[in-house]
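Colleague: Chain by chain, the residues:
There are 2 protein chains.
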Amino acid sequence: MITLDYKNLFQISEKHGLTEKELEKYKNSTPQYLKNIKSLNQGFYKVFSENNTIKDIQKFAQEKNKFKDIVVLGIGGSALGTICLKKAFSHLFQERTPRVHILDNIDPTIFAEIEDILNYEKTLFIVVTKSGETPETLSQYFYFYKKIKEKKLAPQEHFVFITDPTQGLLRKISIEENITTFPVPMNIGGRFSVLTAVGLLPAAFMGIDIEKLLIGAEKMARNFLNEDFEQNLPFQIALIQYLLAQKGKNITVMMPYAQKLYSFADWYCQLLAESIGKKLNNDKKEIFVGLTPVKSLGVTDQHSQLQLYNEGPFDKLIIFLEVENFGQEITIPNVYPEKKEFQFLKNISFKKLLQTEKKATEQALTKNNRPNITIKIPELNEENLGSLFMLFEASIAFLGEFFNINAFDQPGVELGKILTKEMLK
Amino acid sequence: MITLDYKNLFQISEKHGLTEKELEKYKNSTPQYLKNIKSLNQGFYKVFSENNTIKDIQKFAQEKNKFKDIVVLGIGGSALGTICLKKAFSHLFQERTPRVHILDNIDPTIFAEIEDILNYEKTLFIVVTKSGETPETLSQYFYFYKKIKEKKLAPQEHFVFITDPTQGLLRKISIEENITTFPVPMNIGGRFSVLTAVGLLPAAFMGIDIEKLLIGAEKMARNFLNEDFEQNLPFQIALIQYLLAQKGKNITVMMPYAQKLYSFADWYCQLLAESIGKKLNNDKKEIFVGLTPVKSLGVTDQHSQLQLYNEGPFDKLIIFLEVENFGQEITIPNVYPEKKEFQFLKNISFKKLLQTEKKATEQALTKNNRPNITIKIPELNEENLGSLFMLFEASIAFLGEFFNINAFDQPGVELGKILTKEMLK
Chain A
2 MITLDYKNLF
12 QISEKHGLTE
22 KELEKYKNST
32 PQYLKNIKSL
42 NQGFYKVFSE
52 NNTIKDIQKF
62 AQEKNKFKDI
72 VVLGIGGSAL
82 GTICLKKAFS
92 HLFQERTPRV
102 HILDNIDPTI
112 FAEIEDILNY
122 EKTLFIVVTK
132 SGETPETLSQ
142 YFYFYKKIKE
152 KKLAPQEHFV
162 FITDPTQGLL
172 RKISIEENIT
182 TFPVPMNIGG
192 RFSVLTAVGL
202 LPAAFMGIDI
212 EKLLIGAEKM
222 ARNFLNEDFE
232 QNLPFQIALI
242 QYLLAQKGKN
252 ITVMMPYAQK
262 LYSFADWYCQ
272 LLAESIGKKL
282 NNDKKEIFVG
292 LTPVKSLGVT
302 DQHSQLQLYN
312 EGPFDKLIIF
322 LEVENFGQEI
332 TIPNVYPEKK
342 EFQFLKNISF
352 KKLLQTEKKA
362 TEQALTKNNR
372 PNITIKIPEL
382 NEENLGSLFM
392 LFEASIAFLG
402 EFFNINAFDQ
412 PGVELGKILT
422 KEMLK
Chain B
2 MITLDYKNLF
12 QISEKHGLTE
22 KELEKYKNST
32 PQYLKNIKSL
42 NQGFYKVFSE
52 NNTIKDIQKF
62 AQEKNKFKDI
72 VVLGIGGSAL
82 GTICLKKAFS
92 HLFQERTPRV
102 HILDNIDPTI
112 FAEIEDILNY
122 EKTLFIVVTK
132 SGETPETLSQ
142 YFYFYKKIKE
152 KKLAPQEHFV
162 FITDPTQGLL
172 RKISIEENIT
182 TFPVPMNIGG
192 RFSVLTAVGL
202 LPAAFMGIDI
212 EKLLIGAEKM
222 ARNFLNEDFE
232 QNLPFQIALI
242 QYLLAQKGKN
252 ITVMMPYAQK
262 LYSFADWYCQ
272 LLAESIGKKL
282 NNDKKEIFVG
292 LTPVKSLGVT
302 DQHSQLQLYN
312 EGPFDKLIIF
322 LEVENFGQEI
332 TIPNVYPEKK
342 EFQFLKNISF
352 KKLLQTEKKA
362 TEQALTKNNR
372 PNITIKIPEL
382 NEENLGSLFM
392 LFEASIAFLG
402 EFFNINAFDQ
412 PGVELGKILT
422 KEMLK
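Chains as they are written, first to last, in our numbering: chain A, 2 to 426; chain B, 2 to 426.
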């Protein structure tokens, strides 16, 4: 079971940490916030009830297992969850078959270089855009569509779409071209869509047990719907972030101590930045609120960012993700027994060294009055990753309520889109 | 030639941008700041004069070209520049021979999984630690040393060290084991060491023209030593960051619009965080200063972070890196001429789309009073990347002077190291 440890907050001066009393004030308000969230008709916490799609996804991935390369065309919420899933469950140094590539940019070198490795006859493209109208994704699609046609291959064999159930250009094309299409439920926005076909279809090609992802998500969703403060991890995390934001902690550092969770931080960065970075509150008042997410990795970034976290401005909350079990134990051998300076490393495991460094980092931060909390994950598997996705999605919903903003829109990117179109005309 | 465009700062309200007058005040002070920096006896801007090492590095890489895998063991400043070099000049989807792996963490899964692909007989380990005493790197070395011995292979054939010229445990071992060792000059700290053997030796194995890296660095170093404000790009960038920090812009977003420069942002994040995040100033007064670096990628993060940059708190400076030439032009084909909505993409190149989106993003941010500057790079090659490294290293030196701090130490990580040792005893 995933747990949250926030006791370090109480060890820190009140100016920078929290007191039991400050939390106490909110402990009975979980039901009210939950009620508000439910009234928004968002679907992110109901993904597991869409079992029909699951079977279709599994069947589709099974049927297409002759393909050598699966290329996901998508950007932002259409890519970040998928990248996280790939990094979490892939071998660090070996590609499995089929290879899954996620093209989430339009840099010309991507197109020049992906062609060096693709055999179009054995390639399936998954085109992902919630709106069906994302220019970057559509331009990628146009490019590869032309290639498939040039090779005299059938588009309906080499493309699959994931988009809005009824609207948008991609939906239209899917009908005209007779291309298999999976829906993104209307009430689930891009950055909350990793546990829909958006993440699950690519995951199925990666050999990930997608049912277990959903089982984990469902468990955490029950936590989320629990009106008891002590049982509601998403509420606790959101409340801590909110209260500390009032004390000037406008930066949230997401710092997993697990190599394979590094991309989880990227996924979370979008979720936090786009959901909570808002000019207007629900009363249309200008508040220019936001928490800036920062991605970090233990132990690596102890040698890069930690100096700043320990000594810089008091503007951060650090969220550690700690994995308790890494599978096999690997020991640091004592190859130079005569070298006294390094006997402290003698015959301990790398896991022990990593976890001790995490503990030491946490203590040093606490001593320096830097607020930090730890989310403990028994081991990195499908069920727990599903829970983690849901934990943070749900915490974002509460955070939106605390700040009295709409956590589910993104009006601030419209101007750039309009200017792009104008400039190209 | 690399150029800097900061004119958007003048389009923004004075509260969030800059005026010519504010810059004017500092325009004659470049010589004084330069004099201060020179008195610190730092070597980062003199790397190109170490030509002896260059020839040795090239010769060594030539001799060892029978190896299939080169494994770099190092962390922080011993890894981030090397990762940046690899990502900048590697094919996005294909590995070249020899493969270069950079192991900058002690997560047990790294060790379990790297063994699946290594043939020790054809593997060379480059062990990199400036101090020669970094526990993470030494424990990695101990692990692979034991493997090499178990395979009855000769350590001096399969290891090469990069460390302090005279001190530290690794230097001692190099003598006892007769292992080839390249120096990190004493006056160049880890995070400033990418253009020493630390980055250059792995780069030579990657087929990168390391002389050109240094030629580019030397060009920018001449800029750095130029007393004329208008010629001194590093001074301009540092001054902008410093003045905007006085206006509450405590976050620096590094946002390249080029897939292969993404890891440049990681390298810069360490440089900025560790150098400028300081509790004490030069007069030992507590100031808790620091700029928090945030890594971002165009156009990808327009769909992840931009909402926050446009609408959130006024706490950021965005530094764009813009590449002007990507080699071949790749066109977005007009495959659905009847679809009116997307005719704006018709037959333009991906480069054009990317650069237009960058321009639009920049304009939207400016309109929203969000300060941003652009560094223009004619194309991504060795010379320009060398210049870029030097540009930011030198700007950090000026930034240290503006804040009146020591930009070259990292006292804030000591406590964590001490606690780790205590806990393991």
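Worth double-checking, as some hints may not be accurate.
Pairs involving identical chains hold if they fit within one copy or between any two copies, as the list cannot separate such chains.
[Stated by the list, open to error] Below, computed lysine-lysine pairings styled on DSS-like, alpha-carbon distance capped at 25 Å:
(1) Lys123 / Lys67
(2) Lys8 / Lys26
(3) Lys248 / Lys280
(4) Lys248 / Lys16
(5) Lys360 / Lys426
(6) Lys26 / Lys353
(7) Lys22 / Lys8
(8) Lys422 / Lys360
(9) Lys220 / Lys69
(10) Lys152 / Lys377
(11) Lys248 / Lys286
(12) Lys248 / Lys368
(13) Lys147 / Lys16
(14) Lys28 / Lys65
(15) Lys368 / Lys28
(16) Lys368 / Lys16
(17) Lys280 / Lys418
(18) Lys148 / Lys341
(19) Lys173 / Lys347
These aren't lab readings, by the way, just hints derived from the structure by calculation.
Colleague: At most 25 Å between CA atoms: does that hold for Lys147 and Lys16 within a copy, between copies, both, or neither?
Modeller: For Lys147 and Lys16, neither the intra-copy (60 Å) nor the inter-copy (50 Å) Cα distance is at most 25 Å.
Colleague: Go through the copies and call it for Lys220 and Lys69: within, between, both or neither, with a Cα cutoff of 25 Å.
Modeller: Neither way: Lys220 and Lys69 sit 35 Å apart in one copy and 46 Å across, limit 25 Å.
Colleague: How would you label the pair Lys368, Lys28 (within, between, both, or neither) given a Cα cut-off of 25 Å?
Modeller: Neither way: Lys368 and Lys28 sit 27 Å apart in one copy and 42 Å across, limit 25 Å.
Colleague: If the cut is 25 Å between Cα atoms, do Lys248 and Lys280 qualify within a copy, between copies, both or neither?
Modeller: This pair counts as both: shortest intra-copy Cα distance 20 Å, inter-copy 19 Å.
Colleague: Please sort Lys248 with Lys16 into within, between, both or neither, judging by C-alpha distance up to 25 Å.
Modeller: both (7 Å within a copy, 23 Å between copies)
Colleague: Is it within a copy, between copies, both, or neither that the alpha carbon of Lys422 lies no farther than 25 Å from that of Lys360?
Modeller: between (51 Å within a copy, 11 Å between copies)
Colleague: With identical chains treated as interchangeable, where does the CA-CA distance between Lys368 and Lys16 reach 25 Å or less: within a copy, between copies, both, or neither?
Modeller: within (14 Å within a copy, 35 Å between copies)
Colleague: First find the shortest C-alpha distance between Lys148 and Lys341 inside one copy, then the shortest across copies, and answer within, between, both or neither for a cut-off of 25 Å.
Modeller: between (63 Å within a copy, 22 Å between copies)
Colleague: Given identical chains, is Lys22 near Lys8, meaning Cα to Cα at most 25 Å, within a copy, between copies, both, or neither?
Modeller: within (13 Å within a copy, 49 Å between copies)
Colleague: Within a copy, between copies, both or neither: where do Lys173 and Lys347 come within 25 Å Cα-Cα?
Modeller: between (64 Å within a copy, 19 Å between copies)
Colleague: Checking Lys26 and Lys353: alpha-carbon separation at most 25 Å within a copy, between copies, both or neither?
Modeller: neither (39 Å within a copy, 54 Å between copies)
Colleague: How would you label the pair Lys123, Lys67 (within, between, both, or neither) given a Cα cut-off of 25 Å?
Modeller: within (7 Å within a copy, 34 Å between copies)
In summary, the structure is inconsistent with hints 6, 9, 10, 13, 14 and 15 from the numbered list given earlier, while agreeing with the others.
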